[in-house]
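Top to bottom, those sequences are chains A and P. Note that numbering that gives the first Met the number 0 gives residue 258 to position 259 of the first sequence, counting from 1, and the numbers run on in steps of one. Note that numbering that gives the first Met the number 0 gives residue 152 to position 153 of the second sequence, counting from 1, and the numbers run on in steps of one.
Hints are supplied without guarantee of correctness; some may be wrong.
Computed list of lysine to aspartate or glutamate pairs in DMTMM-like fashion (alpha-carbon distance at most 25 Å, straight line) [what the hints assert, rightly or not]:
1) P/Lys52 with A/Glu628
2) P/Lys136 with A/Asp77
3) P/Lys52 with A/Glu395
4) A/Lys642 with P/Asp49
5) A/Lys148 with A/Glu71
6) P/Lys52 with A/Asp346
7) P/Lys52 with A/Glu198
8) A/Lys394 with P/Glu131
9) P/Lys136 with A/Glu274
10) A/Lys402 with P/Glu131
11) P/Lys136 with A/Glu71
12) P/Lys136 with A/Asp553
13) A/Lys394 with P/Asp87
14) P/Lys136 with A/Glu395
15) A/Lys436 with P/Asp87
16) A/Lys642 with P/Asp87
Going by beta-carbon spacing under 10 Å, a handful of chain A positions derived as facing chain P [claimed, not checked]:
17) Ser208
18) Leu561
19) Val573
20) Leu608
In case anyone wonders, no lab produced these hints; they're calculated from the structure. Backbone N, C-alpha and C fix where the C-beta goes; we use that ideal spot for every residue, glycine too.
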Amino acid sequence: MAIAQMKKLSVVALQKDTRRLIADLQKLRCVEVSGDLRFPAGSDKPTSADADVSQEMGILLSQIASARRAIEFLTAYDTGKHALFAPPMEASIDDFDSGLDAVILEEVQAANALAEQISQAKASAARLEGESTALQPWIGEQLALPGDKTAYTCSLCGTLPLNTDMAAIDEKLADLACVTREVYTDKTVRAIVLIAHREDFDAARKILSAAGFAVCPIQASAAAGYAAGAAADRMLRLEHTQKALEQLEKSAAETAAAQLSDIRALYDILITRQERLRAQSCGLRTEQTMLISGWVPVQAMEKTKALLEKYGAAYSFSDPSEEESAPVLLMNRSISRNFESILSMYDLPKYGRFDPTAIMSVFYTIIFGLMFADVCYGAILVIGCLAGLRLLHLKESMRRFLKMFAVCGVSCIIGGILFGSYFGDLPVAILEGFGGKENVPSTALWFDMIEDPIMMLLLSLGVGAAHMVTAFIIKFVILVRDGHIFDAIADVGSWLILFAGIGVYFLQPTAGWTLVGIGAVMLICTQGRQEKNIVMRFLKGIMSLYDIVGYLSDLLSYSRILALSLASAVIASVMNLLGTMGGLNPGGLILFVLVFFLGHTINFLVNVLGSYVHTSRLQYIEFFGKFYEGGGRPFTPLEPQSKYVILK
Amino acid sequence: MTFTEFLTTIFTGQNLALLGAAFAATFACMGSAKGVGIVGEAASGMLAEDPSKFGQSLLLQALPGTQGIYGLVTAFLILMKIGLFGGDVTLDFSQGMYLLAASLPVGIVGYFSGIAQGRVSASGIGLISRREGQIAKAITAAALVETYAIFALLVSILPILFFNP
Numbered sequence: 000m001a002i003a004q005m006k007k008l009s010v011v012a013l014q015k016d017t018r019r020l021i022a023d024l025q026k027l028r029c030v031e032v033s034g035d036l037r038f039p040a041g042s043d044k045p046t047s048a049d050a051d052v053s054q055e056m057g058i059l060l061s062q063i064a065s066a067r068r069a070i071e072f073l074t075a076y077d078t079g080k081h082a083l084f085a086p087p088m089e090a091s092i093d094d095f096d097s098g099l100d101a102v103i104l105e106e107v108q109a110a111n112a113l114a115e116q117i118s119q120a121k122a123s124a125a126r127l128e129g130e131s132t133a134l135q136p137w138i139g140e141q142l143a144l145p146g147d148k149t150a151y152t153c154s155l156c157g158t159l160p161l162n163t164d165m166a167a168i169d170e171k172l173a174d175l176a177c178v179t180r181e182v183y184t185d186k187t188v189r190a191i192v193l194i195a196h197r198e199d200f201d202a203a204r205k206i207l208s209a210a211g212f213a214v215c216p217i218q219a220s221a222a223a224g225y226a227a228g229a230a231a232d233r234m235l236r237l238e239h240t241q242k243a244l245e246q247l248e249k250s251a252a253e254t255a256a257a258q259l260s261d262i263r264a265l266y267d268i269l270i271t272r273q274e275r276l277r278a279q280s281c282g283l284r285t286e287q288t289m290l291i292s293g294w295v296p297v298q299a300m301e302k303t304k305a306l307l308e309k310y311g312a313a314y315s316f317s318d319p320s321e322e323e324s325a326p327v328l329l330m331n332r333s334i335s336r337n338f339e340s341i342l343s344m345y346d347l348p349k350y351g352r353f354d355p356t357a358i359m360s361v362f363y364t365i366i367f368g369l370m371f372a373d374v375c376y377g378a379i380l381v382i383g384c385l386a387g388l389r390l391l392h393l394k395e396s397m398r399r400f401l402k403m404f405a406v407c408g409v410s411c412i413i414g415g416i417l418f419g420s421y422f423g424d425l426p427v428a429i430l431e432g433f434g435g436k437e438n439v440p441s442t443a444l445w446f447d448m449i450e451d452p453i454m455m456l457l458l459s460l461g462v463g464a465a466h467m468v469t470a471f472i473i474k475f476v477i478l479v480r481d482g483h484i485f486d487a488i489a490d491v492g493s494w495l496i497l498f499a500g501i502g503v504y505f506l507q508p509t510a511g512w513t514l515v516g517i518g519a520v521m522l523i524c525t526q527g528r529q530e531k532n533i534v535m536r537f538l539k540g541i542m543s544l545y546d547i548v549g550y551l552s553d554l555l556s557y558s559r560i561l562a563l564s565l566a567s568a569v570i571a572s573v574m575n576l577l578g579t580m581g582g583l584n585p586g587g588l589i590l591f592v593l594v595f596f597l598g599h600t601i602n603f604l605v606n607v608l609g610s611y612v613h614t615s616r617l618q619y620i621e622f623f624g625k626f627y628e629g630g631g632r633p634f635t636p637l638e639p640q641s642k643y644v645i646l647k
Numbered sequence: 000m001t002f003t004e005f006l007t008t009i010f011t012g013q014n015l016a017l018l019g020a021a022f023a024a025t026f027a028c029m030g031s032a033k034g035v036g037i038v039g040e041a042a043s044g045m046l047a048e049d050p051s052k053f054g055q056s057l058l059l060q061a062l063p064g065t066q067g068i069y070g071l072v073t074a075f076l077i078l079m080k081i082g083l084f085g086g087d088v089t090l091d092f093s094q095g096m097y098l099l100a101a102s103l104p105v106g107i108v109g110y111f112s113g114i115a116q117g118r119v120s121a122s123g124i125g126l127i128s129r130r131e132g133q134i135a136k137a138i139t140a141a142a143l144v145e146t147y148a149i150f151a152l153l154v155s156i157l158p159i160l161f162f163n164p
């Protein structure tokens with residue numbers, strides 16, 4: 000029903016046992032190893048994490064990297080159908096620790112080698128394809144690429160940019176013993192052959208180079224059959240490469256089907272080992288012993304003791320001191336534990352302080368149910384969440400999240416009965432639209448919020464007032480518990496009296512005014528008590544009354560309950576109205592079914608999101624803002640890491 | 000037809016109310032479209048780096064979409080009151096003006112708050128892309144902007160709900 004009490008654990012174990020001890024502690028999942036150990040000054044030769052731990056860490060990291068590479072590679076080739084509701088694979092840590100890891104590491108290496116082969120084959124296929132494309136324009140030419148020599152002439156093939164001024168080049172080449180011939184042009188380049196006398200070749204080449212001449216990058220000799228022969232050769236080699244690639248990819252798919260799940264399990268094991276090593280490097284060692292410290296929740300003390308005694312380790316449990324920041328583990332009972340995620344998304348409470356989850360979960364459920372009051376939507380929410388819990392194999396945090404929505408769904412159903420909302424006003428809409436009846440009475444048990452929005456507004460603000468007063472009472476209790484009784488009465492009690500006065504005013508105006516007066520006088524007298532100057536004290540006291548504006552705007556913020564519930568009810572009734580407009584005939588029924596499914600699906604999704612966001616916001620700002628002491632550090636026990644499989 | 004007659008045929012109560020419905024839906028939806036768009040742009044940048052955050056980014060992207068829904072709610076309520084979906088209603092000039100005036104808050108505030116909320120959500124995308132587990136803070140920051148759209152919605156629809164021609 001609050002924050003778990005933590006004990007500081009100190010263990011001295013034999014050096015030779017530490018590995019197995021840490022592995023077993025990890026399986027226990029209830030010890031957080033902390034790294035704030037210091038040997039007392041002057042003690043003998045303390046060494047912390049030493050060379051072989053960091054060397055081992057290096058090896059582990061490279062294994063993790065290659066396993067991750069293999070997983071990425073094989074996932075791309077994994078074509079096997081996975082059943083949607085299949086439970087995740089389980090793997091035994093002990094199996095991996097006793098030899099299975101080496102076998103699978105070999106599989107990882109084989110998979111990575113295969114990946115390397117495939118990428119090489121792909122690269123060479125791309126190269127061959129590029130070369131054969133580049134050869135295509137030259138195929139008709141009986142020329143050696145990129146150039147050839149005879150007794151008196153040299154030739155060179157290549158391309159010029161398309162926008163080259165050929166006339167200018169011809170003019171420059173005019174004095175030299177050479178000819179140029181255009182072979183082809185495409186959208187970007189103009190390919191030409193230069194044939195020149197040996198003596199003038201270099202000069203002619205220089206002129207062309209200055210104009211941006213690029214020598215043909217591919218070689219094709221006369222022996223190879225010029226461009227045509229070279230292109231045919233490339234095509235042949237491409238075909239072979241592609242066949243080889245096909246084989247490789249087939250074997251990759253086979254490897255993926257056979258080994259991917261093992262490699263994934265290995266990955267989890269490696270990460271789990273990394274955690275162990277990290278824990279080990281937090282400890283301090285002497286020649287024969289290892290000192291580890293950590294945090295254990297009181298509830299888990301017994302099983303931790305049993306384990307430590309099995310190893311013959313010396314240990315002690317102590318209470319956390321003030322300056323040590325003990326980690327926070329929320330422990331709430333049955334239903335309210337599902338709302339812990341709302342709290343931890345905001346901020347964890349400080350260790351040893353108040354955990355408001357239980358009180359918050361009550362208000363959360365009520366406000367959610369008011370915002371999204373509809374019997375059918377609520378039922379869909381409940382059924383959807385229960386189906387998800389039953390069919391999907393979710394992690395514990397996600398399961399709790401769904402359970403929370405299921406609880407809220409029940410609240411929506413209750414709200415829907417009170418305000419007569421069944422898919423909005425579907426029963427009324429059907430009777431009026433299809434049945435031709437008029438002025439069908441509302442189905443509301445209490446009142447219909449579209450007909451009487453002011454009543455709904457008052458209800459929203461009433462819930463808000465209760466929520467805020469609860470926050471003040473919590474603050475009051477916290478102050479009293481800490482021994483600040485005067486602060487509690489002055490800072491919180493006076494406001495509570497003032498609020499009570501406002502409430503009483505509606506029943507008995509005189510008594511109400513009196514209470515408001517008492518509260519106000521208390522505030523004026525006490526709120527300036529830090530000031531030394533008597534005038535400043537008085538002014539500060541008066542100024543504090545101004546806070547009522549802030550509280551009023553907090554209260555008005557709860558009118559969002561009305562706005563969101565009206566929005567969902569109005570949209571639903573518009574959908575019902577549009578759906579029943581076609582009348583009771585085949586066409587009209589088709590229209591009804593279409594509008595019904597589309598409209599209500601959208602309305603449902605938008606309002607679940609809206610209610611979740613705004614209910615949370617009311618907790619965070621209007622509720623927590625008044626008393627919450629955050630800043631807690633979450634309890635992160637040493638435990639097996641499971642991304643892909645469940646480690647046992 | 001005199002000019003006065005021309006004016007009275009155009010500015011009928013019915014038409015003014017219709018103008019109100021159009022105003023509420025148009026501007027609130029424009030604000031939402033812009034807001035959702037801004038978040039979408041920011042989200043794509045983050046998803047290129049880390050596609051696994053799609054769910055969270057979708058949550059943030061959906062937030063500025065509510066202004067459009069509020070505009071739609073207001074528009075539909077007006078359309079129902081003026082008998083577009085059945086019922087025999089004729090409105091005089093002042094009744095039309097009444098409904099037009101009621102549509103102003105949700106249209107104007109919807110437009111600006113939709114964009115503002117989009118910008119807050121987009122910076123929230125920046126927050127969740129850099130730090131894990133901060134989605135609640137990003138959502139809360141965006142929900143603070145929405146408060147004012149909600150107040151505007153209330154001021155728009157309460158007069159409409161109390162309107163009885």
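Going down the list of hints, with the structure as the test:
1. P/Lys52 with A/Glu628: violated (30 Å)
2. P/Lys136 with A/Asp77: violated (38 Å)
3. P/Lys52 with A/Glu395: holds (20 Å)
4. A/Lys642 with P/Asp49: holds (16 Å)
5. A/Lys148 with A/Glu71: Status violated; Cα separation ~52 Å.
6. P/Lys52 with A/Asp346: holds (21 Å)
7. P/Lys52 with A/Glu198: violated (68 Å)
8. A/Lys394 with P/Glu131: Judged against 25 Å, a Cα distance of about 18 Å means the pair holds.
9. P/Lys136 with A/Glu274: violated (29 Å)
10. A/Lys402 with P/Glu131: holds (23 Å)
11. P/Lys136 with A/Glu71: violated (32 Å)
12. P/Lys136 with A/Asp553: This hinted pair holds, its Cα atoms lying about 19 Å apart.
13. A/Lys394 with P/Asp87: Violated, at roughly 57 Å.
14. P/Lys136 with A/Glu395: holds (23 Å)
15. A/Lys436 with P/Asp87: Between A/Lys436 and P/Asp87 the Cα gap is close to 16 Å, so the pair holds against 25 Å.
16. A/Lys642 with P/Asp87: violated (63 Å)
17. Ser208: violated (42 Å)
18. Leu561: holds (7 Å)
19. Val573: holds (5 Å)
20. Leu608: Where the cut-off is 10 Å and the nearest Cβ of chain P is about 6 Å from A/Leu608, the hint holds.
Consistency with the previously given hints fails for numbers 1, 2, 5, 7, 9, 11, 13, 16 and 17, ordered from lowest to highest.
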